[in-house]
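With chain V held as given, fit chain L onto it using these hints.
First to last, the protein sequences are chains V and L. Quick note: the first sequence uses numbering that gives the first Met the number 0, first residue 0, plus one each step. Quick note: the second sequence uses numbering that gives the first Met the number 0, first residue 0, plus one each step.
Label-pair ranges, simulated between beta-carbon atoms: (1) V:Ala479 <-> L:Ala85: 55 to 61 Å; (2) V:Phe65 <-> L:Phe79: 35 to 41 Å; (3) V:Leu36 <-> L:Leu136: 20 to 26 Å; (4) V:Thr226 <-> L:Ala95: 41 to 47 Å.
Short derived list, chain L residues pointing at chain V, Cβ under 8 Å: (5) Ile135; (6) Gly152; (7) Val158.
Derived by calculation from the structure, the hints in this document are not laboratory data. Please read all numbers here as calculations on a predicted model, not as lab measurements. Note that the Cβ used here is the ideal one computed from N, Cα and C, for glycine as well.
So the chains spell out like this:
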Amino acid sequence: MTDTLVPLLVAGPLLGALLTVAAGLLDDRAPPVVAVLTLVGQVGLAGWMGSRALLDGPLSNGVGGFVAPYGIELVVDGVSAVIVSLVALVSLGVLFYAVDDDPGGTAFYTEYLLLVAGLSGMSVTGDVFNLYVFLEISGLATYALVASAGTGRSAVAALKYLLFGTVAASLYLLGVGYALVATGTLNMADLSVKLAQVGYDSPLVLASFGFIVVGLATKAALFPLHTWQPDAYNDAPDSVSAFISALVSTVAAYALFRLLYTVYTPAFFEAVPVARDALVVFATLSIVVGSVLAVVQSEVKRMLAYSSVSQYGLVVVGLAIGTPAAVFGAVVHLVGHAVMKGGLFVAAGTVDDLTGARTVDEYAGLADRFPVLGGASALLMLAMVGVPPAVGFAGKWYIALGAVRAGTWPVAVIIFGSTLLTLAYFTLLIERMFVAPASPSVRAATDGGERGLDRPDRPSRVALTLIVVAAVAAIALGLAVTNLQVALEPTLDTLLAT
Amino acid sequence: MSGPDDRETAGIDATTDRAVGADSGPDTVTTPTPDTDPDPDMVTDTGPDSAGRVSRPAAERQPYVESTIIMTTVRVIAPFVLTLGAFVMFHGASSAGGGFQGGVIAATTVIMLGFAFGINPVADRLRNEYLGVLLILGVGTFLAIGFGGYLAGDTFLEVSAYETVIDHGSKYSIELVEVGIGVVVAGVITGLFFLLGTGIDSVAIGTEDDTE
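So here's chain V without its partners, still in its complex pose:
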């Protein structure tokens, strides 16, 4: 019975998007209400299905009663259960911030729900072509959301993202095409069997692997394919940066995980070790360059964006190393990064609203004036650096552990080095916030008089709650990581069995 309800994870937000349009025609105030109700339903559904999948084993459904491999199969296994629940929860949380911070029109909430539909679809689909369709749905919705700030800069950022995203999705599609030519199937589970029959060293299979990895790596913003990402994060409306930084690249990285372990399987890596090595080098490069670029940024949002480049490098390294610990670490880091980075972007947006401060220097003295905001942000930053017991530590620890166990010592060293760099740029910011004397914009925000016309004099309750919840979640997830490991063990064992 539960199995047949899996399509609702995608159809629900889609219906919500439709109702939002309808509600918008009737009343201007209705769309946010419909969007919130839809996502509350989505959280319930995802939570229920996710717990069933984690407890009772994978759920699967052939859409429309067409049996896989001919029909489109939707699957909720342990990892997709985690991701689809993450998507539902984070999108609901950020939606509250969006409603509170910059109330958009009907179009905004419709695009928001379409994006949730696309991301949920990417999380649960078991069909590589269907994944492409959802990739495009979420991509198109993201471009529109980035542009919804209405400024020239956001339009340019959206256009840049559109060009990159379209090329990335096309490369992915090309890879899917090669795989289809080699095997004649699009179903992931079926592909894994047929690819093995074709032979992993067949040029068609190798080409499909290359195209798919490059396409998804662009979506996940790995160096040197990340150039769309800082602009998109920086110039989008605050709530949209929080949303896309937390989820869009996360789900793309999840898709890469799905392709690597459900379609190509670890046997592919064993047959073609150069593919694994290339992926490891690619991702470590991303870790190092992303961190270095983050250190040299003066704008906070851009710094957070480059930090994401480095963190996704870390995730992909975990995926490429492929030991159980490393893959589990990658999943943990994916979830942890979404929570922490989403919270930090909400914090950055709130600070911008309060004081107009956007650069590291302008953050000076912030924690004195807004202690809760400053404290919770600092907590999130330290969690991101990887201070135990936060989830940032757990993720990095498992990935490094996996790297050591696999005998790839250099990777473990690089993870440690990048942690130092992460510490460098976040400590700089924390030092500004807590120690340095207040910057003019921070002073203006609290002294009154000079304050901007419609700047609030304290952080909005919704934003503050979200940041604190994110900080608490970052620590709670870190403490609960062993439980998660037990819950995910069967799924990962199945995927990693060669």
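Relative to chain V, chain L alone:
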């Protein structure tokens, strides 16, 4: 017949125009090349006018002149085009055709009306609500068929289950989905055309702060 010198003069004209009108709006686009349109919002292709410029801003253009020939022709063929669009849409399930192609053909009816009666008058009639209703009808049809699958059968979009409800039920339900796609496509094409045709005049080009 117009050598490089003429073009140079035209460029100077254009830049002078810009300098004069510079304080009229927050338009930040700069056009350094000589033969670029002085007003980048409105690019028309009317050929060189007496001043040697290759295009004119909308304010200087002649208003749309109603042509009896075009209006009569459009009036006669519009119903046929719409019928063809519907025909193509309805043949999506069992033969060549489909919602995407049919939707585009149906949308050309409205676009033809735009050409015949002027884009602005037609755009004034096309209210946002109409396109919204088209969208809701289109996507709503798909979702209704999808969710109906739970009622008729076991799972989402289970079209084969409609066989038990009505003869050839699966065919009719797929047909309905095609029509839904067609309606959405027609709405999107019409919306895009008139958005481009009338121009987006309220683009907020401002500082970062005033947008949130």
